[in-house]
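J.: The lines below spell out each chain.
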Amino acid sequence: MRLYDSSLAKIFCAASILLLTGCSGPFSTLDPAGPSAQMVKVLWYAMFGFSVVVSLLLFVWWWRAMHRDGGDEPQERAQNTLKHWVWLGGIGLPTISMTLLLAFGIPFGHRMLPHDDPNAVRIEVTAHQWFWRVKYPEQGIELIDDIVIPVNTPIDFHLTSEDVIHSFWVPRLGGKLDAIPGRTNVLRLQADEIDTFRGTCAEYCGTAHAFMQFELRAVSMEDFQQWLAENGATESTAEVHDD
Amino acid sequence: MTSAELQRRMAEVWDNLPGWGQLAAVNHTSIGRRFMVTGAIFFLIGGVMAMLIRTQLALPNQDIVPADVYSQLFTMHGTVMMFLFAIPILEGLAIYMIPKLIGARDLAFPRISSLGYYCYLFGGIIIMSSLFFGIAPDSGWFMYTPLSSAEFSPGPGSDFWLLGITFVEISAMAAGVELTVSILRTRAPGMTLSKMPIFCWYILAMALMIVFGFPPLILGSVLLELERAAGMPFFEVAGGGDPILWQHLFWLFGHPEVYIIFLPAAAVISTIIPVFSKRPIIGYKWIVLSVILTAFISFGIWVHHMFTVGIPALAQAFFSVATMLVAIPTAIQIFAWLATLWMGRPSYNLPMLWVFGFLIVFVCGGLTGVMLALVPFNWQVHDTHFVVAHLHYVLIGGMVYPLIAGIYYWLPQFSGRMPSLRLGRWGFWLTFIGMNTTFFMMHLTGLLGMPRRVFTYESGLGWDGLNLLSSVGGFIMTLGIGLVLLDILLHFKFGKKAEPNPWQADTLEWATGTPPVSYNFTSIPTVNSRHPLWDDPSLLTSIGDGEHGLTEIRHGRRELFGTEVMSGKLKAIFHIPTHSWWPLLSSLGLALVCVSLLVRFYPLAIVGCVLAAIFLLRWSWENGAHPAMAPPTDYDDNEAPLHSRTHDGPGLWGMIITLLADGALYMSLLFGWLYLWMVAPEWSMPDTSPLSLPLLFTAGALLTILVVFYHLQIKQLKAGNVRGLERNLGLLGIVGVVHTAVLVTLTAGAPLDLQGSAHDAVIFVMLAYLIFHSGLGAILTVMQALRVRLGYVGKQFPYEPIVLRPWWTYTLGVFWCSVASFVLLPMVWGS
Numbered sequence: 012m013r014l015y016d017s018s019l020a021k022i023f024c025a026a027s028i029l030l031l032t033g034c035s036g037p038f039s040t041l042d043p044a045g046p047s048a049q050m051v052k053v054l055w056y057a058m059f060g061f062s063v064v065v066s067l068l069l070f071v072w073w074w075r076a077m078h079r080d081g082g083d084e085p086q087e088r089a090q091n092t093l094k095h096w097v098w099l100g101g102i103g104l105p106t107i108s109m110t111l112l113l114a115f116g117i118p119f120g121h122r123m124l125p126h127d128d129p130n131a132v133r134i135e136v137t138a139h140q141w142f143w144r145v146k147y148p149e150q151g152i153e154l155i156d157d158i159v160i161p162v163n164t165p166i167d168f169h170l171t172s173e174d175v176i177h178s179f180w181v182p183r184l185g186g187k188l189d190a191i192p193g194r195t196n197v198l199r200l201q202a203d204e205i206d207t208f209r210g211t212c213a214e215y216c217g218t219a220h221a222f223m224q225f226e227l228r229a230v231s232m233e234d235f236q237q238w239l240a241e242n243g244a245t246e247s248t249a250e251v252h253d254d
Numbered sequence: 075m076t077s078a079e080l081q082r083r084m085a086e087v088w089d090n091l092p093g094w095g096q097l098a099a100v101n102h103t104s105i106g107r108r109f110m111v112t113g114a115i116f117f118l119i120g121g122v123m124a125m126l127i128r129t130q131l132a133l134p135n136q137d138i139v140p141a142d143v144y145s146q147l148f149t150m151h152g153t154v155m156m157f158l159f160a161i162p163i164l165e166g167l168a169i170y171m172i173p174k175l176i177g178a179r180d181l182a183f184p185r186i187s188s189l190g191y192y193c194y195l196f197g198g199i200i201i202m203s204s205l206f207f208g209i210a211p212d213s214g215w216f217m218y219t220p221l222s223s224a225e226f227s228p229g230p231g232s233d234f235w236l237l238g239i240t241f242v243e244i245s246a247m248a249a250g251v252e253l254t255v256s257i258l259r260t261r262a263p264g265m266t267l268s269k270m271p272i273f274c275w276y277i278l279a280m281a282l283m284i285v286f287g288f289p290p291l292i293l294g295s296v297l298l299e300l301e302r303a304a305g306m307p308f309f310e311v312a313g314g315g316d317p318i319l320w321q322h323l324f325w326l327f328g329h330p331e332v333y334i335i336f337l338p339a340a341a342v343i344s345t346i347i348p349v350f351s352k353r354p355i356i357g358y359k360w361i362v363l364s365v366i367l368t369a370f371i372s373f374g375i376w377v378h379h380m381f382t383v384g385i386p387a388l389a390q391a392f393f394s395v396a397t398m399l400v401a402i403p404t405a406i407q408i409f410a411w412l413a414t415l416w417m418g419r420p421s422y423n424l425p426m427l428w429v430f431g432f433l434i435v436f437v438c439g440g441l442t443g444v445m446l447a448l449v450p451f452n453w454q455v456h457d458t459h460f461v462v463a464h465l466h467y468v469l470i471g472g473m474v475y476p477l478i479a480g481i482y483y484w485l486p487q488f489s490g491r492m493p494s495l496r497l498g499r500w501g502f503w504l505t506f507i508g509m510n511t512t513f514f515m516m517h518l519t520g521l522l523g524m525p526r527r528v529f530t531y532e533s534g535l536g537w538d539g540l541n542l543l544s545s546v547g548g549f550i551m552t553l554g555i556g557l558v559l560l561d562i563l564l565h566f567k568f569g570k571k572a573e574p575n576p577w578q579a580d581t582l583e584w585a586t587g588t589p590p591v592s593y594n595f596t597s598i599p600t601v602n603s604r605h606p607l608w609d610d611p612s613l614l615t616s617i618g619d620g621e622h623g624l625t626e627i628r629h630g631r632r633e634l635f636g637t638e639v640m641s642g643k644l645k646a647i648f649h650i651p652t653h654s655w656w657p658l659l660s661s662l663g664l665a666l667v668c669v670s671l672l673v674r675f676y677p678l679a680i681v682g683c684v685l686a687a688i689f690l691l692r693w694s695w696e697n698g699a700h701p702a703m704a705p706p707t708d709y710d711d712n713e714a715p716l717h718s719r720t721h722d723g724p725g726l727w728g729m730i731i732t733l734l735a736d737g738a739l740y741m742s743l744l745f746g747w748l749y750l751w752m753v754a755p756e757w758s759m760p761d762t763s764p765l766s767l768p769l770l771f772t773a774g775a776l777l778t779i780l781v782v783f784y785h786l787q788i789k790q791l792k793a794g795n796v797r798g799l800e801r802n803l804g805l806l807g808i809v810g811v812v813h814t815a816v817l818v819t820l821t822a823g824a825p826l827d828l829q830g831s832a833h834d835a836v837i838f839v840m841l842a843y844l845i846f847h848s849g850l851g852a853i854l855t856v857m858q859a860l861r862v863r864l865g866y867v868g869k870q871f872p873y874e875p876i877v878l879r880p881w882w883t884y885t886l887g888v889f890w891c892s893v894a895s896f897v898l899l900p901m902v903w904g905s
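Residue numbers (the numbering used here), protein chains in the order written: chain D, 12 to 254; chain S, 75 to 905.
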């Protein structure tokens, strides 16, 4: 039937749009600038490719099935055929896919966790409706909606919230983690290049949620040290909102 | 009696009252239709909200919809689609279809069907009214605390959600209980479990999932409303609560709910494919196994909605694997469908077009689901448009497409007319293309970093073109859905008349007439096959001719065959109620409670509670040998005894299934208690229990004595000994009252700091739960004593006290369990 051809064409079309459109953008997870985001990008393309193959196979199979006269296959023989299909496709395929997925996914996830690292820089981030208060505890520096970090250095963001639940996310560096009142979550991120990255709140937190963004500037270690020295002496440089 | 005469007399007993009397209808065909029509209307309302959302997001930096309205829109869109469309419309389909598929004339508890419908309707109207007043809930359809709590949502929006949804959920619980009991106990004689149409297995699983899945949300909603209205700090850190508890309770419900929606939809697919492949489904047992597996797994994966909350890594890995496991039963079903097509002779028509669309869209959604189950990937795309895309693929693909396939398939059964192929095709292709355009793009928008629930975005982030395409696709889809609706509406007038069994289907619903008669089957056949109409096409006429069982109608009762769970052997005849105003009145009482809680006018809420209780108890009065139900007549059927004359019947089963749900509610409370104790950052527990132990143990002793004697009394009753029955039941009722009074005294006297301590607030809720159970049990026991006096219960009618027994057993169980876990455990373990 013509109907089915056009739908297959549509899927190819949609898939190619993905390849054609640029993957860059200040919030793009597909334009990674840190190890965590890089791993997720690899995972994504692998899973996407695998899914395309699996779904196309299924669709072609289904299309064949719709256009085939199965005759009067006796129920018993049909059951027997199905048994093979179930073991191979229904149980085998998902099991293998899952094993593969987890074989890569679990170590990747593990590497993103904030393991002990003497070089890690600690930054405390407190979310408010609707801004981010950023503290460098050792230097006593406090910023709003602005973060400065050294490049190529693991950073531990200690996240909490003063009011509702927010979620701290810098897509080009890695995954998000919620800022929750009453507890502190630690998110490990690292920037591999000197650049200014954009971050946003990902958990709906009230009417100005869409504007609860921040900038994260990755600078060289020397610049960072200098910045700390310059700003650490004076109590606080940035204008602090009073809530 | 000629068959025409028989049919006339059946209709007299089974038809609804005319005019306004339709409001008293309890018949499953009427109620099922009402559910579906109401659900469709809510679907359109939800759709309009989606259109507004897509209009706002079509271009960057738009301000067509301001932020506060936008937040109401996305909250209400999700709420309406989930709670007022998806679940109720599928319940409606199940309520409509199940008796017809299993060869019964109605569901086991017709008045409960009606109550469920009214609770759904009134609850839905209450929730929608908030939008009309511009004060709709606006913290997202999963209402995360503390955003939804009194401090950050001071308006009544959250209250509308919590009270309205809880009200609506009564209908889901009602459907869950009655569908379970009906499928297990009212199948046509001979229909063993393994001869049930595959549809029934799915619905059985769905119904049981409702029974276990909804209570956590009901508890969560009650707790959150108590926090908002009375300041009890269950979810507030400072008072010793924890906002994450809400997320656990919500998703404990929320994930099973996804499968509660998917299973009935898959049931439609499994029903349609064999009919249009002209062969029995291949792998019936595999499918049954998959359905059961899905139901089980779905209760163990709720945390995958919470991977970014900061839960320990090992737990995340566990829930990640569990989530992926769902792929196995789903894949098994897909291959069973595929095999049935492969080895059959498929034919094309409208229902199959939607089945085809289902496969493509659902498989895509399933694959992104597996991706999302992978924790590191989830951390990136959680709460972005990627998730929005995924959930719409699974819900539209996995629920709306099969639903429309099912509607087209059963349209001749509903109306006796056939739909138009041409209009229907246009409808499908526009919907299919529009839907994929809208949501495929959203995967990309999400990967490019667009969070969900933002009301606008700046230009130049790479999101502009994709959003515009999504919006255009959304409008194409709307057009498609519009054509489908037009097709369905027009067919009632212009559709060509359907022949009996137009698709040559195998199941009994096609033998109920097109459109069906109010009593479904003039006579109930014995079913010895999984495909009754294929194996014996003469059933199409012989049923209507009254050649099979249960044809005695001179007594004027509505009756069902009551069969054994496994074997389908005829055991009893269930007499069921005729039309009744009590469900409408009871739900009006409950609506009054709901509205007065909303406006915080508590005296009126108490009036509403009392009214609802009176109506409900009055309703329960019309049972057994009551003149309005099944008094002794000269025309008793000789095929089997009436259930109220035996020790077993639908009510007993209904009681047990209800108690399972009740138990799930209690377990949720226990979970909340332990969770707060272990996890809440500022939890504090006093060194000694605030409850008076002497009073507590007095109450326990009274209850234990009561329940032991109740059991002894039932033993005698079952043996046919009714001496002193009235007096004994009366005495036990009084003991129940005294026990309840002790509990009330205990609660009133306890120095509980309800607003300052989550610990005390949970204790209070636990006590209220116990008081409710004991109090209701006492009232019902006293009523039983009265019924013995009036002759509705006695030697010949021993049934009702037996139904009440599990209630008392349960009450005793939760009492001591509460003493152990809320009082003794903290004493042993200390704080």
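It is possible that some hints are incorrect.
[As the list claims (entries may be wrong)] Okay, the calculated bits of chain S under chain D, using three or more residues with CB under 8 angstroms as the criterion:
no., segment
1, 295-306
2, 350-360
3, 430-439
4, 769-782
[Said to hold, decoys possible] Residues of chain S placed beyond 12 angstroms of chain D at every Cβ, according to the derived structure:
no., residue
5, P140
6, S268
7, V311
8, G315
9, Q321
10, Q390
11, T397
12, V449
13, R527
14, Y531
15, S654
16, V684
17, L898
[Unchecked claim] Estimated spans, in silico, between C-beta atoms of each pair:
no., chain 1, residue 1, chain 2, residue 2, range
18, D, S231, S, P755, 32 to 40 angstroms
19, S, L662, D, P85, 24 to 32 angstroms
20, S, Y676, D, T207, 54 to 62 angstroms
Think of the hints as simulated: they come from the structure by calculation, not from any bench.
All of these numbers come straight from a predicted model, not from anything done at the bench.
Using N, Cα and C, we set each Cβ at its ideal position, and we do this for glycine too.
J.: Take the hints in turn and mark each one as holding or not.
T.: We went through each hint and held it up to the structure:
1. Counting residues of the segment 295-306 of chain S whose beta carbon lies closer than 8 angstroms to any beta carbon of chain D gives 0, which falls short of the minimum of three for the stated coverage.
2. Counting residues of the segment 350-360 of chain S whose CB falls under 8 angstroms from any CB of chain D gives 6; the rule of at least 3 is met.
3. Coverage of the segment 430-439 of chain S by chain D holds. Counting CB-CB distances below 8 angstroms, 5 residues qualify, and the rule asks for three or more.
4. For the segment 769-782 of chain S, the assignment as covered by chain D is violated, since 0 residues bring a beta-carbon within under 8 angstroms of that chain's beta-carbons and 3 are needed.
5. Non-interface status of P140 (chain S) relative to chain D is broken: a Cβ of that chain comes within 12 angstroms, the nearest being about 9 angstroms off.
6. In this structure S268 (chain S) is separated from chain D by more than 12 angstroms, as the shortest Cβ-Cβ distance comes to about 14 angstroms.
7. Some Cβ of chain D comes within 12 angstroms of the Cβ of V311 (chain S); the nearest lies about 3 angstroms off, and the non-interface call is violated.
8. Remark: the non-interface label on G315 (chain S) conflicts with the geometry, its nearest Cβ contact in chain D lying 9 angstroms away (cut-off 12 angstroms).
9. The beta carbon of Q321 (chain S) sits about 9 angstroms from the closest Cβ of chain D, which is not more than 12 angstroms, so the claim that it is off the interface is violated.
10. With a least CB separation of 8 angstroms from chain D, Q390 (chain S) falls inside the 12 angstroms interface cut-off, contrary to its annotation.
11. Residue-level check failed: T397 (chain S) sits 10 angstroms from the nearest beta carbon of chain D, not beyond 12 angstroms.
12. A beta-carbon of chain D is positioned within 12 angstroms of the beta-carbon of V449 (chain S); the least distance is around 5 angstroms.
13. With 12 angstroms as the threshold on Cβ separation, the claim that R527 (chain S) sits away from chain D is violated: the shortest Cβ distance comes to roughly 4 angstroms.
14. Interface exclusion of Y531 (chain S) from chain D breaks down, the closest Cβ pair being 7 angstroms apart, not more than 12 angstroms.
15. Residue placement check: S654 (chain S) keeps its beta carbon more than 12 angstroms from all beta carbons of chain D (closest about 44 angstroms).
16. Under the 12 angstroms C-beta cut-off, the non-interface status given to V684 (chain S) relative to chain D holds; the minimum distance is some 38 angstroms.
17. Once the 12 angstroms rule is applied to beta carbons, L898 (chain S) is consistent with being away from chain D; the minimum gap is 28 angstroms.
18. At about 38 angstroms, the CB distance of S231 (chain D) to P755 (chain S) agrees with the hint of 32 to 40 angstroms.
19. At about 58 angstroms, the beta-carbon gap between L662 (chain S) and P85 (chain D) misses the expected band of 24 to 32 angstroms.
20. Checked against the hint of 54 to 62 angstroms, the C-beta distance between Y676 (chain S) and T207 (chain D) comes to roughly 55 angstroms, which is consistent with it.
Of the hints listed earlier, those the structure fails to meet are numbers 1, 4, 5, 7, 8, 9, 10, 11, 12, 13, 14 and 19, in rising order.
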